[in-house]
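Chemist: So you can see what is in the structure, the chains are spelled out below.
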Amino acid sequence: MTWTNPLRDPEDRRLPRIAGPCGMVLFGVTGDLSRKKVMPAIYDLANRGLLPPGFSLIGFARRDWADQDFAQIVHDSVKAHARTEFREEVWQQLAEGFRFVPGNFDDDAAFDRLRRTIEELDEARGTGGNHAFYLAIPPGFFGDVVGQLQEHGLTEQGDGSWRRVVVEKPFGHDLDSARELNNILADVFPSGSIFRIDHYLGKETVQNILAMRFANELFEPIWNSNYVDHVQITMAEDIGIGGRAGYYDGIGAARDVIQNHLLQLMCLVAMEEPTSFDAESLRIEKQKVLSSVVLPRRLDLTTARGQYAPGWAGGEKVSGFLEEEGIKKTSTTETYAAVTLYVDTRRWAGVPFYLRTGKRLGRRVTEVAIVFKRAPHLPFTATATEELTQNALVIRVQPDEGMTIRFGSKVPGTAMEIRDVNMDFAYGGSFTESSPEAYERLILDVLLGDPPLFPRHEEVELSWKILDPILDHWAKKGKPEPYASGGWGPESADQMLARDGRVWRRP
Amino acid sequence: MIELTDTNSAAIAAEFVRARTKAGSPAMGMVMTLIIVVDEAEAEQAMHAARAASHEHPARVLGVIIGDARGAGQVNAQVGTGSGWTGETALIRLKGEVVKHPESVVLPLLLPDSPVAIWWPCDPPQDPASDALGALAQRRITDAAAAQRNRTRAIHLQCAAYAKGNTDLAWTRLTPWRALLAAALDQHPLKVTGAAIAAERVSPSADLLAAWLTDRLKVKVARSSSDGPGITEVVMETKEGPIRIARPDGKLATFTSPGRPDRPIALKRRDLPELLAEELRRLDEDDVYAATAHRLSKMQARS
Chain D
1 MTWTNPLRDP
11 EDRRLPRIAG
21 PCGMVLFGVT
31 GDLSRKKVMP
41 AIYDLANRGL
51 LPPGFSLIGF
61 ARRDWADQDF
71 AQIVHDSVKA
81 HARTEFREEV
91 WQQLAEGFRF
101 VPGNFDDDAA
111 FDRLRRTIEE
121 LDEARGTGGN
131 HAFYLAIPPG
141 FFGDVVGQLQ
151 EHGLTEQGDG
161 SWRRVVVEKP
171 FGHDLDSARE
181 LNNILADVFP
191 SGSIFRIDHY
201 LGKETVQNIL
211 AMRFANELFE
221 PIWNSNYVDH
231 VQITMAEDIG
241 IGGRAGYYDG
251 IGAARDVIQN
261 HLLQLMCLVA
271 MEEPTSFDAE
281 SLRIEKQKVL
291 SSVVLPRRLD
301 LTTARGQYAP
311 GWAGGEKVSG
321 FLEEEGIKKT
331 STTETYAAVT
341 LYVDTRRWAG
351 VPFYLRTGKR
361 LGRRVTEVAI
371 VFKRAPHLPF
381 TATATEELTQ
391 NALVIRVQPD
401 EGMTIRFGSK
411 VPGTAMEIRD
421 VNMDFAYGGS
431 FTESSPEAYE
441 RLILDVLLGD
451 PPLFPRHEEV
461 ELSWKILDPI
471 LDHWAKKGKP
481 EPYASGGWGP
491 ESADQMLARD
501 GRVWRRP
Chain Y
1001 MIELTDTNSA
1011 AIAAEFVRAR
1021 TKAGSPAMGM
1031 VMTLIIVVDE
1041 AEAEQAMHAA
1051 RAASHEHPAR
1061 VLGVIIGDAR
1071 GAGQVNAQVG
1081 TGSGWTGETA
1091 LIRLKGEVVK
1101 HPESVVLPLL
1111 LPDSPVAIWW
1121 PCDPPQDPAS
1131 DALGALAQRR
1141 ITDAAAAQRN
1151 RTRAIHLQCA
1161 AYAKGNTDLA
1171 WTRLTPWRAL
1181 LAAALDQHPL
1191 KVTGAAIAAE
1201 RVSPSADLLA
1211 AWLTDRLKVK
1221 VARSSSDGPG
1231 ITEVVMETKE
1241 GPIRIARPDG
1251 KLATFTSPGR
1261 PDRPIALKRR
1271 DLPELLAEEL
1281 RRLDEDDVYA
1291 ATAHRLSKMQ
1301 ARS
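Sequences listed follow chains D and Y, in order. Each step along the first sequence adds one to the number in our numbering, with nothing skipped, and position 227 is 227. Each step along the second sequence adds one to the number in our numbering, with nothing skipped, and position 171 is 1171.
If we strip away everything but chain Y, and leave its shape as in the complex, we get (with noise of 0.2 angstroms):
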């Protein structure tokens, strides 16, 4: 890692091709630009994932920690390649007036040509599509259940606010539960007449959940309170009987459907890294998201 203070976007790019040449010019494979805001706090956790998600998608990883928004500008980064990344990375600190223009320092710094993603891993712009540093990417990741203000109402915010593009990790952490809920009617091909779900109070996966089912099964779901983690159970009734996924602890799960023995499944709540790799595997507009989004605000809406 090289550190340079009261920098501009130049001299960090300069510094990536410097890295290269001194790695002896490896190949430049990156697929993708993935912008990362973060606190100061959080940015740690946050490269670690990102690095992690790199293994999948090389890529460069421009960390931006926006601080105190007082006093003159400036701009500090730390530019590296190696020790664990496929790509390039560079960790970027403004302070001071620059902090209202962080695009002017991302930017230049964006692969040419290639995607670029970005990812806020605690509390997201309220419209993501129209942030300065949102309208750079065509891909934009927030996560709801880590938001730290307005936790209640942040799928909600996200959901109306909804933009080709955007994306949420609490969508993400759904897929297994909706690939196997998806594989259960596959093997009991079954009108669903009703549905709940049990899910800790504030569940921002457990409210996408019920919208995705109310607007692929056209029915009521019923939603309920457990005390988790994560989601605790997902009940499909059909007139053969209840078809029921059942995880209390957050890894394993017991499948019950009509006329089968019980069978237990791993079901385990998944890591940052798995998530946003996923996130990063399709960078076009994810249709099924934006219909479940449409619908969660119409519910909320109307509730």
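Okay, chain D solo, but in the shape it has when bound (with noise of 0.2 angstroms):
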């Protein structure tokens, strides 16, 4: 007989999901993503009791640091950039959990400690053997950890406890590297047991776009190559690339954004309806669509990329992309990149996906765009419908985070005269405290056991089996071209829609 918790009811939706008995090692505390996202994040859960009694975190890194530093770092860091209030009680009872383990990743005595310390942790703080492994570090080096972690007995699942690991963008630069990532991790972990982190599928905002398509009936009737002409996906950026250049530099806009974020957003617009929202029928169906896309055949008329050149943005002078320090004057690195993208379905034949981002761009923003058809006839005289353009339904997914509506309404007069009109609504909870930051959701369910918000192996390939044509094609194109900062990208990019007919949304 199965045993079932007396005190739990599946009617009760009050009580949150509290992870069971676990703890997590990070590797790489002084870097950005660890001090900005994953502590804050931790503490954050903790604060909310969504983190269980016992909770521990190890800190891996090569610093001569007792415990108590390892928890001054992490203090800073939630100080700086929790986003609930910071108290106390939460802190001191998170702190007595800390440990640090000082070395090397190629230092076997420090992987004994690391054992050493798990086990301790087991014992005193009853973790219970469950242990999820954070890799905040650059990608090149995952295979040396995990190779320690299985060479030290670390990553032995014992009974009845779990062990996973948590792995950030970018998963690769290419098809080849991504499949070489992956062998590295699957090697070790099983498959349910990697958790690749894409922090946009945990915003409230992404998983709406899947409440909003499939749990109305106002738009999934609309939602076809029938009614929309087209859609644009945006991520911009105001800021360069700041002190990020070792990372950034040979890389670009199209690996850094467009084949994790904006080809996962695209897929939650264009997806079929899954049969369950449960891990694998998400993935099948994201699966499908990455599977249907086909690129143009003239990728020279349908992309574009360019470099940010020196000039004024937001009344600051900046700097361009080659006077970056950092950045050789010779780069060919893009800052901006945009695509045109067919998926080769009955729903979307023919409505073109246009996916851009950038850096230095007019202002911070992330939206997707779907673009409606002209009425098929207006009864109203051409100079009525001069100004009236598309109809259009934009799902605003950072920042302002909720959706707005375009359509035609009558200018307040004598005459009839047509004219665009917005109508917003505005994402309440987004703003306050009470709604979670993706990093906090994404964590907790690495805790939980709980993938469906995580990209899976096979998607990750798919989608470099998108991108890669282009970046053949780009690499044998030579220099980006500059565009001018605080702007909205090159002229390549407006070209490039304008051969269709259309224009770039300003976002």
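Calculated from the structure, these hints are not laboratory results. From the three backbone atoms N, C-alpha and C, an ideal C-beta is built for every residue, glycine too. A couple of the hints might just be wrong.
To be verified - Covered stretches of chain D (chain Y as the covering partner; in silico rule of three or more C-beta atoms under 8 angstroms from a C-beta of chain Y):
1) 14-28
2) 50-56
3) 85-92
4) 116-126
Starting from two chains that each stand alone, build the complex the way the hints lay out.
Modeler: Written out as structure tokens, the structure reads:
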């Protein structure tokens, strides 16, 4: 007979999901990702009472630190970046579970110490042998770390306990390297224990795309090529590459953003209804979209790329990409990329998906715009509808999360004149403490072992299959086109849409 | 805030529209109407809590202060948008005859077709569902712990008068406790043979927790008094030993379970805005509360 917890009731939806006993081992504790995202998210989870009693965090890095020094680093990062109020008692109980293991990734003694520390925590804090290894380190080191973990018996899942590994983008830089990376992880961890973080999928508004599409009757009938003219997916940043030259040079906008975030967003917009919301059904639908993507024949006419030039952005004088520290004058890395994709299915036949991303653009914004066809017949005079463009439904992912619908309306007055108006829905909870940050949600899902929001390696590989021909094409073309900082990208991107008789929306 | 004296619902509604237009027609993203029935003395604190909760649940908030029923009827209102509110707000003061007909003022001000919640921050009516204002709402939130009259019996009265859509903040306050207790049994899949709760002498939450544990675990739950604050200890007996959560200071609890080391866990008593926000998250019937209220009434009848 299986045990059912008498205190649980599916009807009891107030009860939050609390992870079972467990701990986390964080590699790369000094990086931006750890300090700005992972550590604050762990504190916020503790503050909301969603971490199990005795949760432990082990830091691993090449620093000569004691446990207290590590706790200080976490303390500073929590103070600076946590979203919930700092409460001493929460901090105290969390900090009791902090440990630090100094060492290199090739240092056997250090991994021995790590194993002993984990065993000590299982004993003293009751973490029960359940540990997640968070690799907040460059992918070049994954092999070393994962190999060491295996060698020192750290990846063996005991009876009823689990070991999981968490990795961040980039998941490779092309199909081959992605496969290689996956092999490294898959050699050691079963695929259900590998969690790839795409933090966009943890965002409330992104999850809301599924709710909007599949919980409503209103949108589904028009969600196809009969009514949709094209789709624009934009992720723009107003900042340059900052201090990330080492990471960014040679990677570029397409690999950094399109391969993961934008293609995942596109999947959610384009996919068919999954049979349920479990990880497997979602993956099947997303995979179907990715495998039905086709590229236009003429990549020179349907893609665009650029590098930001020195200039003025938002009232500040800014340097160009080639002047950034650590970037070679001859770099051909793109900081802006736009591509045209088609999804070859009955639903989307002939509807182009325009994906664009760039740095140093007009403002920071991520959105998905579904642009509809014009009405087949307008019973008005041509002058009356001059200012009327196409209806659009815009999902604003960030900031100002919500949804906008654009449609035509009569201008008040005696003449019949029709102009575009916007109707806004602001996603109320998005700015409050109560709505969890993407990382909180994702880390909690890792600890619970709940995988629907994490892309699987099949999706990663399919994404590279889409992007690789474009990257190869660009590699043969020399330097990207410079574009003015603080604007909306290079001339060639505008021409790319103009050829199809369309324009980019100003987001 | 615009002051309207000796006014009516139509004028208040017109002021809502005027204020919205004046603010450059911001989007009407409101998801519900929240009615707060409150005393003059408690009004400020209650509106403050509603304002905080309105960030998660943009709402039209109607504060209704029921005044002295003598004399000619008069409706006064303060109407506003913005200044920390995500929706619209009106604080409506009723005096004289109209005090007996507050629903006539509120009904025209409900948002079209969206849910209505009502909250009595202090003394609730004995039967919220048949109250004139309560009947307008599908979610009726009382707070037995804040009752000024009949404090010891408040939760029993509310449970006895339970109707679909009723809920009490004493129940909301239990969510973190219940979550921990449920998680404890996830980790220790054992039959519970007995349970005990220590809490302040008058604690509606402890009464509800006892009823919930009795209902779910089918065991007798002992109840003892402590100095508080609130609930200070819950113990579930199993054959391998007790599972105990002790929280002497209202902030930090110690979690003890068989074969595991003792662990501290944050278990802070939550503030009013947080409780209200949780309560507004779901507006359908809370079946588990219904069962618990039913159980508590039965236990009360027997004792």
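Chemist: Broken hints, numbered, in rising order?
Modeler: none
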